[in-house]
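Required output: the full structure, derived from the provided sequences and hints.
Those sequence lines, one after another, are chains A, B and C.
Positions in the first sequence are counted from 1; adding 2 to them yields the numbering used here.
Positions in the second sequence are counted from 1; adding 2 to them yields the numbering used here.
Positions in the third sequence are counted from 1; adding 2 to them yields the numbering used here.
To be clear, the hints were calculated from the coordinates, so they are not data collected in a lab.
Warning: the hint list may mix true and false statements.
Identical chains share a label here; the pair holds if one copy fits it or two copies do between them.
What the hints assert, rightly or not - Here are the simulated DSS-like pairs of lysine-lysine, each with C-alpha atoms no more than 25 Å apart in a straight line:
1) K346 x K99
2) K103 x K346
3) K346 x K196
4) K312 x K283
5) K99 x K196
6) K45 x K26
7) K346 x K45
8) K283 x K188
9) K26 x K346
10) K26 x K103
11) K312 x K103
All values derive from a computational prediction rather than experimental measurement.
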Amino acid sequence: MTLGELARQLGCRLEGDATTPITKVAGIEQANAGDVTFVDNPKYVPRLATTRASAVIAGEDIAVPPGATFAVLRSRTPYVDFARAVGLFMPSSAPAKGVDKLSAVAPDATIGADVSIAPFVTVGPGASVGARTILYPHVTVGAGASIGEDCVIHSQCSIRERALVGNRVILHDGVVVGSEGFGFAKQADGTHLKIPQAAGVVIEDDVEIGANSTIDRPAVGETRIAAGTKIDNLVHIAHGVSIGRRVLLCAQVGVSGSAVVEDDVILAGQVGVAGHLRIGKGAMATAQSGIPNSVEAGEYVSGSPAIPHKDWLKASAVYRQLPALRQRIAELERQLAELTEKLKE
Amino acid sequence: MTLGELARQLGCRLEGDATTPITKVAGIEQANAGDVTFVDNPKYVPRLATTRASAVIAGEDIAVPPGATFAVLRSRTPYVDFARAVGLFMPSSAPAKGVDKLSAVAPDATIGADVSIAPFVTVGPGASVGARTILYPHVTVGAGASIGEDCVIHSQCSIRERALVGNRVILHDGVVVGSEGFGFAKQADGTHLKIPQAAGVVIEDDVEIGANSTIDRPAVGETRIAAGTKIDNLVHIAHGVSIGRRVLLCAQVGVSGSAVVEDDVILAGQVGVAGHLRIGKGAMATAQSGIPNSVEAGEYVSGSPAIPHKDWLKASAVYRQLPALRQRIAELERQLAELTEKLKE
Amino acid sequence: MTLGELARQLGCRLEGDATTPITKVAGIEQANAGDVTFVDNPKYVPRLATTRASAVIAGEDIAVPPGATFAVLRSRTPYVDFARAVGLFMPSSAPAKGVDKLSAVAPDATIGADVSIAPFVTVGPGASVGARTILYPHVTVGAGASIGEDCVIHSQCSIRERALVGNRVILHDGVVVGSEGFGFAKQADGTHLKIPQAAGVVIEDDVEIGANSTIDRPAVGETRIAAGTKIDNLVHIAHGVSIGRRVLLCAQVGVSGSAVVEDDVILAGQVGVAGHLRIGKGAMATAQSGIPNSVEAGEYVSGSPAIPHKDWLKASAVYRQLPALRQRIAELERQLAELTEKLKE
Numbered sequence: 003m004t005l006g007e008l009a010r011q012l013g014c015r016l017e018g019d020a021t022t023p024i025t026k027v028a029g030i031e032q033a034n035a036g037d038v039t040f041v042d043n044p045k046y047v048p049r050l051a052t053t054r055a056s057a058v059i060a061g062e063d064i065a066v067p068p069g070a071t072f073a074v075l076r077s078r079t080p081y082v083d084f085a086r087a088v089g090l091f092m093p094s095s096a097p098a099k100g101v102d103k104l105s106a107v108a109p110d111a112t113i114g115a116d117v118s119i120a121p122f123v124t125v126g127p128g129a130s131v132g133a134r135t136i137l138y139p140h141v142t143v144g145a146g147a148s149i150g151e152d153c154v155i156h157s158q159c160s161i162r163e164r165a166l167v168g169n170r171v172i173l174h175d176g177v178v179v180g181s182e183g184f185g186f187a188k189q190a191d192g193t194h195l196k197i198p199q200a201a202g203v204v205i206e207d208d209v210e211i212g213a214n215s216t217i218d219r220p221a222v223g224e225t226r227i228a229a230g231t232k233i234d235n236l237v238h239i240a241h242g243v244s245i246g247r248r249v250l251l252c253a254q255v256g257v258s259g260s261a262v263v264e265d266d267v268i269l270a271g272q273v274g275v276a277g278h279l280r281i282g283k284g285a286m287a288t289a290q291s292g293i294p295n296s297v298e299a300g301e302y303v304s305g306s307p308a309i310p311h312k313d314w315l316k317a318s319a320v321y322r323q324l325p326a327l328r329q330r331i332a333e334l335e336r337q338l339a340e341l342t343e344k345l346k347e
Numbered sequence: 003m004t005l006g007e008l009a010r011q012l013g014c015r016l017e018g019d020a021t022t023p024i025t026k027v028a029g030i031e032q033a034n035a036g037d038v039t040f041v042d043n044p045k046y047v048p049r050l051a052t053t054r055a056s057a058v059i060a061g062e063d064i065a066v067p068p069g070a071t072f073a074v075l076r077s078r079t080p081y082v083d084f085a086r087a088v089g090l091f092m093p094s095s096a097p098a099k100g101v102d103k104l105s106a107v108a109p110d111a112t113i114g115a116d117v118s119i120a121p122f123v124t125v126g127p128g129a130s131v132g133a134r135t136i137l138y139p140h141v142t143v144g145a146g147a148s149i150g151e152d153c154v155i156h157s158q159c160s161i162r163e164r165a166l167v168g169n170r171v172i173l174h175d176g177v178v179v180g181s182e183g184f185g186f187a188k189q190a191d192g193t194h195l196k197i198p199q200a201a202g203v204v205i206e207d208d209v210e211i212g213a214n215s216t217i218d219r220p221a222v223g224e225t226r227i228a229a230g231t232k233i234d235n236l237v238h239i240a241h242g243v244s245i246g247r248r249v250l251l252c253a254q255v256g257v258s259g260s261a262v263v264e265d266d267v268i269l270a271g272q273v274g275v276a277g278h279l280r281i282g283k284g285a286m287a288t289a290q291s292g293i294p295n296s297v298e299a300g301e302y303v304s305g306s307p308a309i310p311h312k313d314w315l316k317a318s319a320v321y322r323q324l325p326a327l328r329q330r331i332a333e334l335e336r337q338l339a340e341l342t343e344k345l346k347e
Numbered sequence: 003m004t005l006g007e008l009a010r011q012l013g014c015r016l017e018g019d020a021t022t023p024i025t026k027v028a029g030i031e032q033a034n035a036g037d038v039t040f041v042d043n044p045k046y047v048p049r050l051a052t053t054r055a056s057a058v059i060a061g062e063d064i065a066v067p068p069g070a071t072f073a074v075l076r077s078r079t080p081y082v083d084f085a086r087a088v089g090l091f092m093p094s095s096a097p098a099k100g101v102d103k104l105s106a107v108a109p110d111a112t113i114g115a116d117v118s119i120a121p122f123v124t125v126g127p128g129a130s131v132g133a134r135t136i137l138y139p140h141v142t143v144g145a146g147a148s149i150g151e152d153c154v155i156h157s158q159c160s161i162r163e164r165a166l167v168g169n170r171v172i173l174h175d176g177v178v179v180g181s182e183g184f185g186f187a188k189q190a191d192g193t194h195l196k197i198p199q200a201a202g203v204v205i206e207d208d209v210e211i212g213a214n215s216t217i218d219r220p221a222v223g224e225t226r227i228a229a230g231t232k233i234d235n236l237v238h239i240a241h242g243v244s245i246g247r248r249v250l251l252c253a254q255v256g257v258s259g260s261a262v263v264e265d266d267v268i269l270a271g272q273v274g275v276a277g278h279l280r281i282g283k284g285a286m287a288t289a290q291s292g293i294p295n296s297v298e299a300g301e302y303v304s305g306s307p308a309i310p311h312k313d314w315l316k317a318s319a320v321y322r323q324l325p326a327l328r329q330r331i332a333e334l335e336r337q338l339a340e341l342t343e344k345l346k347e
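Below, the structure written as structure tokens:
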């Protein structure tokens, strides 16, 4: 692609030679001739002096260093336009359109136009797959499940019976949607009676779920991941959980049964959330936080058990000094006892 | 189903109209006409006043609020009968009985009566699958592995070579039984020599294992999950671990090599257990606990490293005050020094 | 196998009857007649007095207890020779050599000599599989991906498009290599724009990765796992991470985006590593550590947030006493106030 064509597709103003060929996107330090890179974080602006990229996507206010040979694609949202550029140069790896003859699609399943169904995919009775959706090899779509349009379901995903998946949903390899929640009733003899977990599980539009994450369904009610939420790898969402819109759940997060996570919440890696609580809109938790109680909207928490982030920053800094503090307390006790003794005399 | 029929099947005493049609089970707040719900936790009894359910499973001592229109199914174990009711209304989604022609079953494998083997299942040489067991699509049963009767093995499970799985075992999607343990011998040149891990792995009767959990096998000895134990999603059981009967392991728990977890232990989500230790019968650990040493039977621990739960509750409450405590110690030192100085004069 | 033959294959000096038949390897306490065991850790030497094994692999300095009936295989590296013995007695469970007719291999894929490709494996266009490599059932090899020689790829692994896997790599069941990293750009309306993640992912020679672990690929640059590194189950490696040589990552570890983990690092179970930092050569972290900042080469850290292990050991011992320490501070304040008051009089 020429630089002029790239500028046109991104809607950027070009400062430089429109005929320069661009072949791929690269990081500012790894880029070579033929590459387009970007700069957004002011921390990386000095690296413009040494980049070998042929073009840089940058804001209007970024000065080109003297002697620079790269062209500039002026953008109001450099990171977003960089993301779009990555997409423009990405090779496609989707399976061919159509239903592969090595798949097993139930006769009464509804298959939309222009779908790609790879070898060894199963689509159960009464299930439906929307137009242009791609099912990679070894995907299982259970009986009565419904997948919307323009979805990408990677290899080895299991979409269990009657699960509902919206449009433009991306599930990475090994994701399970609609596995049975961990629900048992303890019986008099100490054994655990299974509470069958067969109620609804809904993945709304524009959700993306990372590799090997699992979304359970409940006994009654539903588990729901609302529109635009993004979930990383190896995340566990228990039965009856409600995750709001535009939520970000980083890798290895676990959310316990019936918890409600409101819109725009961000949970960093390995955070654990207890059951039957509410995390208010826009709240955030740092990595490995353990959240035992509800969190107010907009709160920022850390630690296990989680406390306000500011308090945690201060307390965790003191933690390391605990042995010294104990020492100082003992020394105070000694001195005070000595003083008291002396005064008695 | 009529309410009378439901009462008969559950063995409950009916207070109300036996001809009322019941179509599904629902939560007390979500229920509508035609639904049966339940109340067990006293916290939820007030919600009886507003439920729209047609019938409620409740204990003998629960009073019906004035003006209520619902019928009551009197039960000695309302939660258990609720669980059974869920099962009665659950649609079946099992693949058809028989061996699908798109599966790959070794000629010398032993296949019991009335099994369901879905498309794209593999059953290796010398393996056996017991009567009425269901293998969903993409299950792999390794050479010489044995699966008992009435098991349900969901999609994408891998049961490795020579693994032994008992009767009435449920494995959710993506479970791995018998992967090779993480065992290496460090060599003089710093590289890690693999200790082959090919010994036994046993899943006893009535065990249930959640989606994408992994159960490793050891080099010598065996890994064993004893009867009636329930394991949630994304749990890691290392090589040579012994898990007792009726144990509950919540999501994302990890148990390190050769640990022994005795009967009736409960480990909450994201708990980590170190290797070569023993967790005594009936012990419990709260979420995210890190257990470095053996735990006595019946103990209740929390924190990382784990300490008695009562101590942890108190200590974690003080944690947040650490900066203030340090301040108070500094103030005491200042005052005491001042006083000592004054007394010298 | 006779003991003489075993001694020859291991290169050990035999003290005992070379004609004794040996049928398997076992732990020192579980071993019976016909078994070979080993002793390396001095802690286990006393158990030689009661072992029922027919032969013991042991160092030159280990004394045989009086009355012992077992033979001794003298070794300079008993644990390593034990590992090799386990391998000698391990039954093979590899699928038959050749390409199973129930697989789906693209016509232009390159398939090496003596490969084993099991039923329901897919190999995409332009992909290559090296000589003697084994692909178990339900493995997906994406378009343009490359797998080296002598690899073992277990069931349900997904090797995504264009991923590069070296020689002698072992991937356990359900591993995902090359899933798309968790990268989004927040847009003005609060939604998250996907940054396509289609750059390189490289698994070098002699790497082993445990069941259901996931290795993401980045938008630009690459994710790399260097030679000889061993990764346990359910581990998450984010986009753009670089893992050095001979690293050990225990189960459920998570490494965030663009982190660099240098050679010979050891991270115990459930450790979390933040993004864009460096863990220096040979550093270690105990289980559940949370590493927010770079760690120097050779450092040993613990806790969340991680601090030097020695400090953490002392501080965590004091943690439990926090309520008592607070009490002592209050008591000091009371006494000092009383004393000050008294002196005023």
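Review point. When no copy is specified for K99 and K196, does a C-alpha distance of 25 Å or less occur within a copy, between copies, both, or neither?
Key: between (42 Å within a copy, 24 Å between copies)
Exercise for review: Go through the copies and call it for K45 and K26: within, between, both or neither, with a Cα cutoff of 25 Å.
Suggested key: For K45 and K26, only the intra-copy Cα distance (23 Å) is at most 25 Å; the inter-copy one is 59 Å.
Check your understanding: Between copies, within a copy, both or neither: which fits K283 and K188 at Cα up to 25 Å?
Key -> between (35 Å within a copy, 16 Å between copies)
Point to revise | Intra/inter-copy verdict for K312 and K103 if alpha-carbon distance must be at most 25 Å | key: So K312 and K103 fail the 25 Å test inside a copy (59 Å) and across (62 Å) alike.
Review point. Which holds for K103 with K346 at a C-alpha limit of 25 Å: within a copy, between copies, both or neither?
Key: neither (99 Å within a copy, 98 Å between copies)
**Study point:** Copy assignment of K346 with K45, given that the CA separation must stay at most 25 Å
**Key:** So K346 and K45 fail the 25 Å test inside a copy (65 Å) and across (57 Å) alike.
Review point. What label fits K346 with K196 when the C-alpha limit is 25 Å: within, between, both, or neither?
Key: Neither, since 71 Å and 72 Å both go past 25 Å.
Exercise for review: Measure nothing new, just compare the shortest in-copy and cross-copy C-alpha distances for K346 and K99 to 25 Å and report within, between, both or neither.
Suggested key: Neither way: K346 and K99 sit 96 Å apart in one copy and 93 Å across, limit 25 Å.
Exercise for review: Have a look at K312 and K283 and pick one of within, between, both or neither, based on CA distance no larger than 25 Å.
Suggested key: within (19 Å within a copy, 32 Å between copies)
Review point. Can you tell me if K26 and K103 fall within 25 Å by alpha carbon in one copy, between copies, both or neither?
Key: Classified as neither: same-chain Cα gap 36 Å, cross-chain 39 Å, threshold 25 Å.
Check your understanding: Between K26 and K346, at a C-alpha cutoff of 25 Å, which is it: within one copy, between copies, both, or neither?
Key -> Close neither inside one copy (85 Å) nor across copies (79 Å); limit 25 Å.
Hint check: violations occur at hints 1, 2, 3, 7, 9, 10, 11; the rest are consistent with the structure.
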